[in-house]
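Protein chains in written order, with the numbering used here: chain X, 1 to 232; chain C, 1 to 137.
There's no promise every hint is true.
[What the hints assert, rightly or not] Under the rule of at most 30 angstroms between Cα atoms (straight-line distance), these lysine-lysine pairs were calculated in the DSBU-like manner:
#1 C:K58 with C:K30
#2 X:K176 with C:K58
#3 C:K22 with C:K58
#4 X:K176 with X:K33
#5 C:K58 with X:K197
[Claimed, not checked] Just the calculated beta-carbon pair ranges, DEER-fashion:
#6 X:G148 with C:Q71: 50 to 56 angstroms
#7 X:A194 with C:Q57: 57 to 63 angstroms
#8 C:A78 with X:Q87: 19 to 25 angstroms
#9 C:Q57 with X:A198: 35 to 41 angstroms
#10 C:N136 with X:R136: 44 to 50 angstroms
#11 C:L107 with X:A139: 39 to 45 angstroms
#12 C:R131 with X:G128: 32 to 38 angstroms
#13 C:Q71 with X:G128: 53 to 59 angstroms
In case anyone wonders, no lab produced these hints; they're calculated from the structure. As the structure is a computational prediction, the values presented were derived from the model and not from experiment. Heads up, the beta-carbon is just placed ideally off N, CA and C, and yes, glycines get one too.
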Amino acid sequence: MTPEAAALTDLERDALTELVNIGVSRAAAALRKMIGEQVLLSVPAVEAMDRAAAATLIGERESDHLVAVKQDFSGALSGRAMLIFPQASSLALVRAVAGDAVSADEVADLEEEALAETGNVILNRCLGTMANMLHRSLALSLPEVLRGDGAHLFRFDAPQPDDGLVLFLYINFFVKNRNIRGYIAMLLDLPSLAALKALVAEFIQSAIGEAEPAAPPDKTFEAGTFEAGALR
Amino acid sequence: MPGTILPTTGVPTTVLIVDDSKLARIVAGKAVASLQPDWMRVEATNAAEALAVTASQKIDLALIDFNMPGQDGLALAAELRALHPAMPIAVITANVQDEVIAEVRALHATFVGKPITPEGLRGFLAGAALRLRVQNP
Chain X
1 MTPEAAALTD
11 LERDALTELV
21 NIGVSRAAAA
31 LRKMIGEQVL
41 LSVPAVEAMD
51 RAAAATLIGE
61 RESDHLVAVK
71 QDFSGALSGR
81 AMLIFPQASS
91 LALVRAVAGD
101 AVSADEVADL
111 EEEALAETGN
121 VILNRCLGTM
131 ANMLHRSLAL
141 SLPEVLRGDG
151 AHLFRFDAPQ
161 PDDGLVLFLY
171 INFFVKNRNI
181 RGYIAMLLDL
191 PSLAALKALV
201 AEFIQSAIGE
211 AEPAAPPDKT
221 FEAGTFEAGA
231 LR
Chain C
1 MPGTILPTTG
11 VPTTVLIVDD
21 SKLARIVAGK
31 AVASLQPDWM
41 RVEATNAAEA
51 LAVTASQKID
61 LALIDFNMPG
71 QDGLALAAEL
81 RALHPAMPIA
91 VITANVQDEV
101 IAEVRALHAT
111 FVGKPITPEG
121 LRGFLAGAAL
131 RLRVQNP
C-alpha cells in the first residue's frame, strides 16, 4: 500500500466506500426507472493509485471499445464521475431507455444524446446523494460522451496540478435481460489528502452524531422497556 | 409446544446488525440504542459470520445490509427466514429498486432505507418489539 493510501484510516476508507455505495445504489434505482429492469450491483472497490493505473484497470478488462459519460465535479471534493460501458452495451442501453419501438437507425441517431441524458441522471443522483450526505455542494460540469480506450477516458483536458495519485472508486453493474453491463467509476483527486481526511472525518462525526438520541426516548418505547423489565 | 420453550426471562432482546461497513454498523447500533436502550447488540461483517452468530446464541431480530461481499443481504435474510420463521428482519439499503423491495417483502422482511436514522428504524423496531412480546409473553 502507498503511504498516501495508508494515510486514510480504516474507518475513513470505510466511510468513503459507504458514501459511494449509497450514492451508487440510489443511482442504480434511477437507472432501473429509466429502463424498467432490475440493475444488479457489485460491492464497491476503493483504491489509491495513479491515473495511469486506474485507466489500465478498466482498460485491460475490456477488449471492446469503451463508451463513457463523464461529469467532472469540483467543490468540497473534486474529480470525475463516469458511467462506462463496452460499445455493445451502450447501444443496448439506448434501446432500453428509448423503448423497443425505436428502429435501429433511430437508435444510432439517438445514441449520443440518450447516453448523455442517461448518464446525467445517473451521475447526478450518485453525486447529489454524496454531496447531501457530506452537507456540501458540488459543482458539476455538463455530461460529455467519450469514446476510446481506458487511457482516453481517464485523460484530463486541463493539466492536473500533480499527475500523481487519485482515489479510484468503482462498482460493476449489469442488467440481466438486456445484455447491459458497465461500471460507475469515480476518480477523486488527492491534491490535499488533509482536506479529504477532514471532510470524511466530519462525515463520520455527523453520521454517528445523527444516530445519537436527540431527545429522550418515546413514551411508547419506555412502556415497552418497562414491560420487558417487569418480566424479569 | 411445552418443553421446547427456551427460558427467555431475564435475557435481554438481542439485535444482530450485519453490515460490511464499520461506519454503517456504528450508525445502526447508535440508532438502535437511541430507540431501545436495553437491547443487546451483536455485530457481524458478512453473511457467514451472521449465520455463525445466530447458530451460537439467541438472536431476536436482525438488521441486514443488502450490498455485501459474498452472500448479499437478501440471500442471508432468506436463510435466516428459513431457520427462524418468526424473526423480525430488516433489510437495509439505498437501493430502492422495485425488485429489491419486492424480494424483501416476499421474505416477510422490512425494507429500511440507507443512510440509517433513528426515524427510519423506529417503525421496524416498534413493530419488532411488539411481535417479540406476543411471541414471548
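Each hint tested on the structure:
1. C:K58 with C:K30: OK: K58 of chain C and K30 of chain C at ~21 angstroms, within 30 angstroms.
2. X:K176 with C:K58: violated, 38 angstroms
3. C:K22 with C:K58: holds, 23 angstroms
4. X:K176 with X:K33: holds, 15 angstroms
5. C:K58 with X:K197: violated, 39 angstroms
6. X:G148 with C:Q71: 50 to 56 angstroms: violated, 37 angstroms
7. X:A194 with C:Q57: 57 to 63 angstroms: Once the Cβ atoms are compared, 43 angstroms apart, the range 57 to 63 angstroms for Q57 of chain C and A194 of chain X is violated.
8. C:A78 with X:Q87: 19 to 25 angstroms: The hinted range 19 to 25 angstroms is violated for A78 of chain C and Q87 of chain X, with Cβ atoms some 37 angstroms apart.
9. C:Q57 with X:A198: 35 to 41 angstroms: Distance hint for Q57 of chain C, A198 of chain X holds at roughly 40 angstroms.
10. C:N136 with X:R136: 44 to 50 angstroms: Holds, at about 46 angstroms.
11. C:L107 with X:A139: 39 to 45 angstroms: holds, 42 angstroms
12. C:R131 with X:G128: 32 to 38 angstroms: holds, 37 angstroms
13. C:Q71 with X:G128: 53 to 59 angstroms: violated, 30 angstroms
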